[in-house]
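A.B. asks: If you're matching them up, the sequences are chains V and H in order.
The opening position of the first sequence corresponds to residue 85 in the numbering used here, with each subsequent residue numbered one higher.
The opening position of the second sequence corresponds to residue 14 in the numbering used here, with each subsequent residue numbered one higher.
It is worth saying that the hints were derived from the structure and are not from the lab.
Predicted, not measured: the structure shown is a model, and the values here were computed from it.
Yeah, the Cβ is synthetic: ideal placement off N, Cα and C, and Gly gets one too.
Heads up, some of the hints might be wrong.
[What the hints assert, rightly or not] Just the calculated beta-carbon pair ranges, DEER-fashion:
(1) V/Glu-140 x H/Thr-33: 36 to 46 Å
(2) H/Glu-27 x V/Asn-139: 43 to 53 Å
(3) V/Asn-106 x H/Ser-71: 25 to 35 Å
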Amino acid sequence: RKEVEQDPGPFNVPEGATVAFNCTYSNSASQSFFWYRQDCRKEPKLLMSVYSSGNEDGRFTAQLNRASQYISLLIRDSKLSDSATYLCVVNSANTDKLIFGTGTRLQVFP
Amino acid sequence: DARVTQTPRHKVTEMGQEVTMRCQPILGHNTVFWYRQTMMQGLELLAYFRNRAPLDDSGMPKDRFSAEMPDATLATLKIQPSEPRDSAVYFCASGLGETGGSQPQHFGDGTRLSIL
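Take the sequences, apply the hints, and build the full model.
C.D. replies: Here's what the structure looks like:
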């Protein structure tokens, strides 16, 4: 079983739609959680950290369920520019290592 | 904005040749990571350093790959001899690391390596 698992997609949604991505992780001792975004042929970029109480940044909302070892990302009012691959990232407990999921691809169409 | 700088951006060479990739981390960051990304495997950690000391290189093929950090402003990843299966995008990332937790990492633009 992979340490971080994501649905690869693609998710094809119209502009303005709400879309949610899910991710599960296997190491219950993991402490830090992130969502990264990667555009085609570009480097991964931090989108947002994920906190236990859940957090929001504009149209993006991240949730963490430690009991179920589950992380989610909700994007409201999708824009064409949101088209990218979204990587779920979890730290390897007590190290600086980050474990990246293989990503969920999002395509927003007009 | 401070950025991680990687060189070269692209490299095409024949199998058997030595390849050296370089990375300048963000000033003040104490952890440096090397990743490899392919379509099939996604993003894999090859090695990482904290305060220039190698902490984990378990993801790296030891027989042909080597990673070093000669000073705080330079990290290198070498492949000798290179093989076609090494073709991938190699990313360097840096961050402010501490044991027991993790901070976000900031990635360079990557080196696109093609071994013929």
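A.B. asks: Among the hints numbered above, which are violated by the structure, and what are their numbers in rising order?
C.D. replies: none
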